[in-house]
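Protein chains in written order, with our numbering: chain V, 1394 to 1520; chain S, 1394 to 1520.
Calculated from the structure, these hints are not laboratory results.
Given the structure is predicted, the values throughout are model-derived calculations rather than measurements.
Keep in mind that a hint or two might mislead.
It does not matter which identical chain is meant; a pair holds if it fits inside one copy or across any two.
Claimed, not checked - Result set (SDA-like, lysine to any residue): computed pairs, CA atoms no more than 25 Å apart in a straight line:
1) K1478 x Q1444
2) K1440 x V1465
3) K1478 x T1410
4) K1419 x D1406
5) K1419 x M1394
6) K1478 x V1465
2 protein chains.
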Amino acid sequence: MDLGIHVIGDLRDCDATLIDDLDYVKNSLFAAAESLSVTLIADSFHKFSPQGVTGILSIAESHISVHTWPEVSFAAIDIFTCGTKFDPMLAAYLLSEKFRSQDPEYTVLNRGTGLTVTESQFSNQEL
Amino acid sequence: MDLGIHVIGDLRDCDATLIDDLDYVKNSLFAAAESLSVTLIADSFHKFSPQGVTGILSIAESHISVHTWPEVSFAAIDIFTCGTKFDPMLAAYLLSEKFRSQDPEYTVLNRGTGLTVTESQFSNQEL
Chain V
1394 MDLGIHVIGD LRDCDATLID DLDYVKNSLF AAAESLSVTL IADSFHKFSP
1444 QGVTGILSIA ESHISVHTWP EVSFAAIDIF TCGTKFDPML AAYLLSEKFR
1494 SQDPEYTVLN RGTGLTVTES QFSNQEL
Chain S
1394 MDLGIHVIGD LRDCDATLID DLDYVKNSLF AAAESLSVTL IADSFHKFSP
1444 QGVTGILSIA ESHISVHTWP EVSFAAIDIF TCGTKFDPML AAYLLSEKFR
1494 SQDPEYTVLN RGTGLTVTES QFSNQEL
């Protein structure tokens, strides 16, 4: 068993207008979190000048982040979930679709390979 | 040229007491950011019950995160910096040292390979 799964996504050829829209990116990230049924702890969103958005969700199961560069129609996402009951690829596909990426590329990393942490240790996590 | 570099670190055999100490983890993450001279935007830190710490720094150049599982002496870090003037491995080594990892393993991913974004587009980023 591994401790968790980390999906890194390079989303090319996105819709530049959408990925420069703070509210749209925010709603997309929350939708991604909801698709996984993870537990939100905190969120941080920022709009850059002249362009670009950063959004990070801290979740009990690790984190979900996006950084966008509308000037090159690029969004960098990463979704790290610990535990075996989540499939972060679902959220990666959802974000790729939301941002209208025509050329997404994913890297999937197993984190903490071979470490045995019982599910209850995740479900008991509290603030 | 690539848009940025993303270092993923699985830090095994850490000092379980240190990586369960919220203030220690927080100071370590800020030290890592300082070592790279990146620009802080926001931070989010949480202590879990019965154990474990999550810390995420949102930086103008992307993000730095750590999630710890003291019960298996494991810390998962990731450091993503855009631009060519940063070496996120420096911060990875620093965090590994701070957490006293005896068995660190790093994966280095080039993000946005081949994308040409001028440095000024990073340095002009503002809230």
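Right, here's what the structure says about each hint:
In the homo-oligomer, the alpha carbons of K1478 and Q1444 lie at most 25 Å apart only across protomers (20 Å), although the nearest pairing inside one protomer, at 36 Å, exceeds that limit. For the identical chains of this complex, K1440 and V1465 are intra-copy neighbours only, at 16 Å inside a copy versus 38 Å across copies, given an alpha-carbon limit of 25 Å. Within a single copy, K1478 and T1410 get their C-alpha atoms no closer than 34 Å, and across copies no closer than 28 Å, so neither meets the 25 Å cut-off. Proximity of K1419 and D1406 under a CA criterion of 25 Å is satisfied intra-copy only: 19 Å inside one chain copy versus 36 Å between copies.
For the identical chains of this complex, K1419 and M1394 are neighbours neither inside a copy (33 Å) nor across copies (29 Å), given an alpha-carbon limit of 25 Å. With identical chains, the CA atoms of K1478 and V1465 are at most 25 Å apart between copies only, with a shortest distance of 20 Å across copies and 35 Å within one.
Against the hints set out earlier in the document, violations occur for numbers 3 and 5.
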